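K.L.:
Sequence:
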Amino acid sequence: MIRFLPALFLAFILVYAYKGYAQETDAAKTKPKIGLVLSGGGAKGMAHIGVIKVLEEAGIKPDIITGTSMGSIIGSLYAVGYTAVELSDINKNANWEYLLTDNVRLRKVAMDEKREIRKYLFVIPIQDNKINLPAGLIEGQQLEAYFSKLLWPLTAHEDFNNLPIPFHCMSVDMVSGNVIEHQSGNLVKAIRASMAIPTVFSPVLIDSMLLVDGGVARNFPVQEAIDMGADIIIGIYVGFQEDVEAADLQSMTDILSRSIALAGIVDARKQLPKCDVLIVPDLGDYGAGDFNKSTIIQQLGEDAARKQFDELEAIAASTQSSFKPVEKLEKAERILVSGFEVEGLQYQSKKFVLSVSGLHKGDSLSIADINEAIEFMYGTQHFRKLTFALKENKDRNGYILVFHVIENSRALFKIAPSYDDDLGVGIVTNFTLRNMVGPATRMLVSMYIAENPGLEISLNKTVGEKQNLSDCFYLRSYGYNLPFYDKGDRLGNYKHGFFEGGYGLRYLLGLNHQIGANGFFKHNRLIPHSDLRSIYPEADFDRFQSGDWGYRLFYKVNTTDDFYFPKKGIKLEVDFAHSMAVRSKMKGVKDVSINYFIIESNAPYATLMIDHNWFKTFARRVTFNFGAGAGFTSEDSGPTVCFCLVVHNWETLVYSSKTWPDSTLAKFTPPMLLV
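The sequence shown maps to residues 90 to 764 in our numbering.
Treat the hints with care, since some could be wrong.
What the hints assert, rightly or not - Heads up, simulated BS3-like pairs for lysine-lysine below, C-alpha to C-alpha not over 30 Å straight-line:
| no. | residue 1 | residue 2 |
| --- | --- | --- |
| 1 | 645 | 611 |
| 2 | 120 | 150 |
| 3 | 611 | 584 |
Unchecked claim - Distance windows between CB atoms, simulated:
| no. | residue 1 | residue 2 | range |
| --- | --- | --- | --- |
| 4 | 514 | 618 | 16 to 24 Å |
| 5 | 381 | 502 | 32 to 40 Å |
| 6 | 175 | 421 | 17 to 25 Å |
| 7 | 711 | 381 | 41 to 49 Å |
| 8 | 526 | 296 | 47 to 55 Å |
| 9 | 339 | 589 | 52 to 60 Å |
Since the hints were derived computationally from the structure, they do not count as laboratory data. In this text the structure is predicted, and so the values were computed from the model without any measurement. Glycine included, C-beta positions come from ideal geometry on N, C-alpha and C.
Please model the entire structure based on the sequences and the hints provided.
P.N.:
The following block contains the structure:
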């Protein structure tokens, strides 16, 4: 009998343990599930973070989360394990002004493209000989890169019900008109679709559906939370303004915004009564675009939730809920990339994309590595949008890195008002043609329509394994007034015509360094205006012409943050030119003293120009620019050094207005002290 006592004791423990487990399981099955529903509302959605903070203090941990638009962003981050404190840090530190653009940092743009970045006020795509306007003002390039960083390393085929907290979000299919409930797939794409406000953000193509903001038809997805199994609904509504009168809808934008939101407003009225606890923060006059007030909006959400703290505590008590941070998804610092796919290509080849990325099979990559490669590829200006997703490689270890690309139109028409010291006030127009002359080519045709017109044409083609070698053919021609002075007095003008053409090679030593060489031919022409002839008889001739040809070697560095008005970084240009011969001649000479003009010179000469500028901003208000330049010719002339101080506030007054692009004031010279 004694031999059987250990076995009986073990059996007793197993039976008791099973009974306890069964009781816990039954309790879990009978425990009411709490659903958290987060409405859309743009920047007003930051109030969700403040409410979530109070929910945690009350001991409430939601079992289900649904959201639309900004509610989908906050909800997805909370569902994967971010706490209220971490969400607050994201809100505080996010550069919303940058994220809500498609801009790329100038340091990530190849040297040949830097001058063209943000130069024009209007950029109009042309396709099939027709204007092809974009589907939205913002593609969301920077937003998706940011979401990918926050949600790393989720793959493209996730079941959202398997997240630490089950999560669904809403969008609307523009093709069928159906409300789409995202339950699986690429989470980054899903929340980007859910926040695609029509005309503001471009719609998102998933499978055959063209998706826009869920707020168009389902801005407050309460029913979806109930369908997922929620027994108690806590809803946070920061959606569309209800108390609107006819007097509030006067402008075209007011009417358009209300039209887009109308179905969502009607649906929200049906969803609101389904909430057991409804929190509607009083946000006053703050609107969907007030991201610069996001921390204030977050606090208003917290204030609203605290007013209903007793209700929240009662729910926590009735459901025996106690807040415990969910176990976050495991975040690998690096992943093994065992293959690549590129989706969306029309003109470029997969080989081109991968060569520009600099990534290879077998690389161990972090999210920073991937985002840096994408930023570089995006900086080539071949792509309107470029994002990524991960797919598990079933045949090998690691992941397949999938690039989703939307290529820029092969033809772009650009236009901007312009001011130039030489050309005067006018309009600059540009045609940019990519991959039309051949693969990996770019052709620029720029025309300055002004009092003194100008024309520039360039064609370059990139080659090499890393696409860092290019050849370039260029032509440029200008005509402008060249003032003539005598003892400091301006007597009149010459009409100066200038033409230059050349061909050469350029090699990128990284994004911000370039060396190159080219041959060139120049031609200058001077014609005296009648006003100068009448005042200065010595200038009474018909035409003076000069031409020379030679070669040039150069080295350039540009690490600045803005091409025209930098706040930080370095610009360096070293240019050596050797002219093989200079020939000049004058036509229609009358009574002209030979001492005033060099008629002909066949002697070759060389020049070396060095120009260096360093920019640094202090206290966010003052930008310091130290510039040093030196020029040498065959007959050495001394260097020139200049010192310049730019006051940031004053500079902002001049060019920060969105009405005028940077190129408008490209020739504006701030006060400077010559040393």
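K.L.:
So which of those numbered hints doesn't the model satisfy?
P.N.:
Hints 7, 8 not satisfied by this model.
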